[in-house]
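Asks: Sequence:
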Amino acid sequence: MGQEIAEARKKEKMSQSELAAKVGTDKTYISRIERGLIEPGIGLFCQITHALGLQVEMVKTV
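In my numbering, the protein residues as written are 227 to 288.
Hints listed in this document are in silico derivations from the structure and should not be mistaken for laboratory results.
This one's a predicted model, so the numbers in the text were calculated from it and none came from an experiment.
Just to be clear, a hint being listed does not mean it is correct.
Said to hold, decoys possible - Below, a list of computed lysine-lysine pairs in the BS3-like style, where the Cα atoms sit at most 25 Å apart:
#1 K248 x K236
#2 K239 x K253
#3 K248 x K237
#4 K237 x K253
#5 K253 x K236
Please work from the sequences and hints to get the whole structure.
Replies: Listed below in structure tokens is the structure:
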């Protein structure tokens, strides 16, 4: 998940600081997420994906 966030952020030409400001956290927290050291809660994850213009899709597996 962290790598996907990092790739999307770079594609949007957004710094970690800019993303952090958009979602109300700090650059260090975004860095730790991108490096896979921590996983954000669902609320922050949704804020991050929205800030990056991503869409999260939930599907039921069979």
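Asks: Each hint: holds or not?
Replies: Against the structure, the hints come out as follows:
no.	hint	verdict
1	K248 x K236	15 Å, holds
2	K239 x K253	15 Å, holds
3	K248 x K237	16 Å, holds
4	K237 x K253	17 Å, holds
5	K253 x K236	14 Å, holds
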